[in-house]
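*Asks:* Fit chain E to the supplied structure of chain C, relying on the hints for placement.
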Amino acid sequence: MSDKTMTADEVVSRLRSGMTLGIGGWGSRRKPMALVRALLRSEVTDLTIVAYGGPDVGMLAAAGRIRKLVAAFVTLDSIPLEPHYRAAREAGAFELMEIDEAMFMWGLHAAANRLPFLPVRAGLGSDVMRVNPGLRTVTSPYDDGETFVAVPALRLDAALVHVNRADRQGNGQYLGPDPYFDDLFCEAADTAYLSCERVVDTAELTKEAAPQSLLIGRHTVTGVVEAPNGAHFTSCAPDYARDEAAQREYATTPWPEFAERYLAPSEGAGS
Amino acid sequence: MTVTRAEYCVIACAEAWRGDGEVLASPMGLIPAVGARLARRTFSPDLLMTDGEALLVGVDGTVEGWLPYRRHLALVTGGRRHVMMGASQIDRYGNQNISCIGDWARPKRQLLGVRGAPVNTLNNPTSYWVPRHSRRVFVEKVDMVCGVGYDHADGAPYHRIPRVVSDLGVFDFATPDHSMRLASVHPGVTVAQVREATGFDLVVPDEVPCTRQPTDRELRLIREVIDPQNARSREVGD
Numbered sequence: 001m002s003d004k005t006m007t008a009d010e011v012v013s014r015l016r017s018g019m020t021l022g023i024g025g026w027g028s029r030r031k032p033m034a035l036v037r038a039l040l041r042s043e044v045t046d047l048t049i050v051a052y053g054g055p056d057v058g059m060l061a062a063a064g065r066i067r068k069l070v071a072a073f074v075t076l077d078s079i080p081l082e083p084h085y086r087a088a089r090e091a092g093a094f095e096l097m098e099i100d101e102a103m104f105m106w107g108l109h110a111a112a113n114r115l116p117f118l119p120v121r122a123g124l125g126s127d128v129m130r131v132n133p134g135l136r137t138v139t140s141p142y143d144d145g146e147t148f149v150a151v152p153a154l155r156l157d158a159a160l161v162h163v164n165r166a167d168r169q170g171n172g173q174y175l176g177p178d179p180y181f182d183d184l185f186c187e188a189a190d191t192a193y194l195s196c197e198r199v200v201d202t203a204e205l206t207k208e209a210a211p212q213s214l215l216i217g218r219h220t221v222t223g224v225v226e227a228p229n230g231a232h233f234t235s236c237a238p239d240y241a242r243d244e245a246a247q248r249e250y251a252t253t254p255w256p257e258f259a260e261r262y263l264a265p266s267e268g269a270g271s
Numbered sequence: 001m002t003v004t005r006a007e008y009c010v011i012a013c014a015e016a017w018r019g020d021g022e023v024l025a026s027p028m029g030l031i032p033a034v035g036a037r038l039a040r041r042t043f044s045p046d047l048l049m050t051d052g053e054a055l056l057v058g059v060d061g062t063v064e065g066w067l068p069y070r071r072h073l074a075l076v077t078g079g080r081r082h083v084m085m086g087a088s089q090i091d092r093y094g095n096q097n098i099s100c101i102g103d104w105a106r107p108k109r110q111l112l113g114v115r116g117a118p119v120n121t122l123n124n125p126t127s128y129w130v131p132r133h134s135r136r137v138f139v140e141k142v143d144m145v146c147g148v149g150y151d152h153a154d155g156a157p158y159h160r161i162p163r164v165v166s167d168l169g170v171f172d173f174a175t176p177d178h179s180m181r182l183a184s185v186h187p188g189v190t191v192a193q194v195r196e197a198t199g200f201d202l203v204v205p206d207e208v209p210c211t212r213q214p215t216d217r218e219l220r221l222i223r224e225v226i227d228p229q230n231a232r233s234r235e236v237g238d
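If you're matching them up, the sequences are chains C and E in order.
For the first sequence, position 212 (counting from the first letter as 1) is numbered 212 according to my numbering, and the numbering increases by one without interruption.
For the second sequence, position 168 (counting from the first letter as 1) is numbered 168 according to my numbering, and the numbering increases by one without interruption.
Warning: the hint list may mix true and false statements.
[Unchecked claim] Reference excerpt, derived from the structure (chain C facing chain E, CB under 10 Å, subset only):
no., residue
1, V44
2, P80
3, A88
4, R121
5, A122
6, P141
7, D143
8, E146
9, V149
10, G176
11, P179
Hints were generated in silico from the structure; no laboratory data involved.
The beta carbon of each residue, even a glycine, is placed where N, CA and C say it ideally should be.
The shape of chain C in the complex, shown without the other chains (with noise of 0.2 Å):
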């Protein structure tokens, strides 16, 4: 069986410009940090991200990354409000697809089953319809009769994601007590690269752990990297809690003399 273990920077290496990335995790919670700052040491640019938003799409809306962003919110959870984002779409930066969480999550699956799209009922009656003028609705063809919102599928060129435990195969393990999309994000994209806490022989997943937490299965995994501390600043249960203090001086600090320090080669794990 191969081996997928790579570095970061091999990853982004596959990584275009002009590429539609979904990124995992929710909020400020179990964010592929390590990745993402890598891609942010890149020249990669012009992205297409899809995400439930935390600083991932904060730092790459800073660095003028974004082409256009799919999304139904950012937040950082205990600063409710991301900051960089929030600049970013003040100046108009970058072109927006707002979309309800749940209409994403179905836009996931689709895209997960090669499905065009899923009937969802959502999004009717609110401005998710004004503000995305391409959205389309379905019939039900059955007595019924209502209409729905047809979410189209949310298929990526890569996906980013990471999780506490991983083999050398890609087979993911989380280990707290929200899986968020992860294996969603992976099954909807072409390619899904997958970091980890560590990298353990697959005999080590389930020596106590339930099978059950076997999240991600390794055929929808193209590379594995090794990054111990990769989701911080954001939470990455139960191996860590969310750096608040580092989360509060990245919020707080204007995002060129942040970058500057977060950045650099030698700063934190897992790069």
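*Replies:* Showing chain E alone in chain C's frame:
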């Protein structure tokens, strides 16, 4: 001891979940959270609640279930949930905005984003909590419809906005055209004060009752068990 405004707000929020049975109570904001926990400890014991993350927990914190985001979103569309969301803007028909202020294409102030408001309002009862009632929040027309109001909900089979609670009173939509009605004022608040702080014509009945008093047991639960640090007074002062 006199009952504080924050405590009347807790009671008004708790009442939102009365009679809801075995559904998930999703309070957003501190006073709604105190209210939901009070409701579960008293008149709505069958409510389900999360720990704020992916676990369903009992009154004493015992884990009783697993509700990660994906299952939470499925629960929303199944309808067995009553959420109380915040609102940066809300209008007379209950349209709610938490996305941005100003023109969406280039907002004056970017806020959270639509989040789950569109799916919530079409699938499960959605109430709202506004800790500072003002004309900036209670507006003639919201800048971005996130939560769907009654005038945009034609034919939506599961749309319902049971109530809006603010620091001044309780509001509902029990009018022929579903425009917002003043249901009660918190003790110490006048109808004129509510009108003055509202940016549209509120329906005001001839007799406006006061929000009910908490019982002694409820007050004790709020003060000694649920919120002994009195965090509620930081969300709504006196």
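*Asks:* Each hint: holds or not?
*Replies:* Going down the list of hints, with the structure as the test:
1. V44: violated (25 Å)
2. P80: holds (7 Å)
3. A88: holds (8 Å)
4. R121: Where the cut-off is 10 Å and the nearest Cβ of chain E is about 5 Å from R121(C), the hint holds.
5. A122: holds (4 Å)
6. P141: Result: violated, 17 Å to nearest chain E Cβ.
7. D143: violated (14 Å)
8. E146: Status holds, d = 7 Å.
9. V149: holds (9 Å)
10. G176: Cβ of G176(C) sits 8 Å from chain E, so the hint holds.
11. P179: holds (6 Å)
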